[in-house]
Amino acid sequence: MTEIIDACWDKLGIDTSPETIQKDMANMRKLPPEGFDAPIYYDHKGRGYAYSDPDYELGGVSLSDTDIETIRESIEFIQTIGGSRISEKFNHAMEKILSTSIEEFSAGNTKQAILQTMNPPKSRGFEHFDLFYKACREKTPVSLVHYSYKKRNFSVLTIHPFMIKEFENKWYVMGFSEKHNQIRTFGLDRVFDPFLLKKKYIPVDKSTCEKEAHDYYGVFPIPNQKKQGVKIHVSALVTNYFEAYPIHESQVIEKEANGSSVISFNLIPTIELTRLFLSHGYHVKVIEPKWLIEFTENLK
Amino acid sequence: MKSKTSEPILFEIAENKDLADNPKVLRVILDPKFTRIDFGYNATGQYIKGGWIRMSPKTYVEVQGLAEKFLLTETTGITIAPKKVVFQSVKDWQFFTLYFQPIPQKDCVINIIEEENPTPDDFNYYGIELKMNEGVGILQNL
Numbered sequence: 011m012t013e014i015i016d017a018c019w020d021k022l023g024i025d026t027s028p029e030t031i032q033k034d035m036a037n038m039r040k041l042p043p044e045g046f047d048a049p050i051y052y053d054h055k056g057r058g059y060a061y062s063d064p065d066y067e068l069g070g071v072s073l074s075d076t077d078i079e080t081i082r083e084s085i086e087f088i089q090t091i092g093g094s095r096i097s098e099k100f101n102h103a104m105e106k107i108l109s110t111s112i113e114e115f116s117a118g119n120t121k122q123a124i125l126q127t128m129n130p131p132k133s134r135g136f137e138h139f140d141l142f143y144k145a146c147r148e149k150t151p152v153s154l155v156h157y158s159y160k161k162r163n164f165s166v167l168t169i170h171p172f173m174i175k176e177f178e179n180k181w182y183v184m185g186f187s188e189k190h191n192q193i194r195t196f197g198l199d200r201v202f203d204p205f206l207l208k209k210k211y212i213p214v215d216k217s218t219c220e221k222e223a224h225d226y227y228g229v230f231p232i233p234n235q236k237k238q239g240v241k242i243h244v245s246a247l248v249t250n251y252f253e254a255y256p257i258h259e260s261q262v263i264e265k266e267a268n269g270s271s272v273i274s275f276n277l278i279p280t281i282e283l284t285r286l287f288l289s290h291g292y293h294v295k296v297i298e299p300k301w302l303i304e305f306t307e308n309l310k
Numbered sequence: 162m163k164s165k166t167s168e169p170i171l172f173e174i175a176e177n178k179d180l181a182d183n184p185k186v187l188r189v190i191l192d193p194k195f196t197r198i199d200f201g202y203n204a205t206g207q208y209i210k211g212g213w214i215r216m217s218p219k220t221y222v223e224v225q226g227l228a229e230k231f232l233l234t235e236t237t238g239i240t241i242a243p244k245k246v247v248f249q250s251v252k253d254w255q256f257f258t259l260y261f262q263p264i265p266q267k268d269c270v271i272n273i274i275e276e277e278n279p280t281p282d283d284f285n286y287y288g289i290e291l292k293m294n295e296g297v298g299i300l301q302n303l
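Residue numbers (the working numbering), protein chains in the order written: chain A, 11 to 310; chain B, 162 to 303.
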């Protein structure tokens, strides 16, 4: 017993008593979920406690107070960003974790929510999230019906999806489209009745996936444009926002004496990028490239 | 590509000037238990608020060369007459699906018949060719 007490002090920094150790061992002997069904017995010969099964180990994961607090915070965070942004499958998994957490971590104090994120109502097409997730993970082609809002046209497409992307609470699937013979992005809101197909998958190389992940602000690239430098002139007021919330990893701000700035990016220009510029009105003016000045003007 | 099977087979219907394009026939799925046909419809300016759509309960599929009629059993996205899906604007649109009794899973040409003596408002389609070697198996249960 003295050795156990010393070990608790040495390894855990806990100053405990023989009574507490006895209670802990009694709890360890209990059947789950109260205990661990530990085969503890008193070894008269060795004058100490031992496991009758030498291979026995405590199940589960040992959690420190910091671990438990971190898990609590993570659960709260996931609950906050959850709702319509997480699919039913993930919600179900999260419910299981939460129900476990109540049993394991309940401290008896229910906290008031202190995190809030935008949690819009469920959008059309989000019900396909799980199917596309599976298709990307298992590299399976998908047949879908797509409706173009702009062209007012239905089309049937076979795509080879590799990425699901969220941008401003809208969800998209990216994949190689057989009809277009190139990688395309489709808003889930415009996709109907996708089916997984028994067909050979056309893979997309890793560099393309990286490009999709890093070279865009937004989702829809402006056709036939490569990665390039983009410069804007920004008022002093709106410079504060770009400083606080950089929109791309390539963003560089060169401030002028009056607080306004020239901000440069190196990316593939997208529709969303030009919309962002326009949303700031006269506070943002495109300087380079020339074609983008015209393109943005035409969007007004 | 399938030739002999009991799994659902999906056919993309290519745009065809001989087929009516509104509603547009999009896909045909031959399942051992049913025949499924997907359509897309754009409301038009013929009516101030886009009008309405519905399907006759007597709609059927026929396979050219066979006397049998494969009857409409179920719909999604469109109602069976006399009920109507009523649009609110001329820019509305609707994706809908019709289910029929199963047709044989083999090369065939089908017609979709809503009215045997159709008016321009009825949805009749003739000569939709399904070649089994152009169909693709579906991995999930429908």
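Wrong hints could be hidden among the right ones.
Estimated spans, in silico, between C-beta atoms of each pair [as the list claims (entries may be wrong)]: (1) B:ASN285 with A:ILE212: 21 to 31 angstroms; (2) A:LEU247 with B:TYR208: 31 to 41 angstroms; (3) A:HIS243 with B:ASN302: 51 to 61 angstroms; (4) B:ASN302 with A:LYS160: 28 to 38 angstroms; (5) A:ASP199 with B:GLY298: 21 to 31 angstroms; (6) B:GLY298 with A:GLY291: 22 to 32 angstroms; (7) A:ASP215 with B:SER167: 53 to 63 angstroms; (8) A:ASN179 with B:PRO218: 53 to 63 angstroms.
In case anyone wonders, no lab produced these hints; they're calculated from the structure. Positions of the beta carbon are idealized from the N, C-alpha and C atoms, including for glycine.
Structure-based check of all given hints:
no., hint, result
1, B:ASN285 with A:ILE212: 21 to 31 angstroms, "violated, 37 angstroms"
2, A:LEU247 with B:TYR208: 31 to 41 angstroms, "violated, 49 angstroms"
3, A:HIS243 with B:ASN302: 51 to 61 angstroms, "holds, 57 angstroms"
4, B:ASN302 with A:LYS160: 28 to 38 angstroms, "holds, 35 angstroms"
5, A:ASP199 with B:GLY298: 21 to 31 angstroms, "holds, 28 angstroms"
6, B:GLY298 with A:GLY291: 22 to 32 angstroms, "violated, 53 angstroms"
7, A:ASP215 with B:SER167: 53 to 63 angstroms, "violated, 37 angstroms"
8, A:ASN179 with B:PRO218: 53 to 63 angstroms, "violated, 41 angstroms"
Checked against the numbered hints above, the structure violates hints 1, 2, 6, 7 and 8; every other hint is satisfied.
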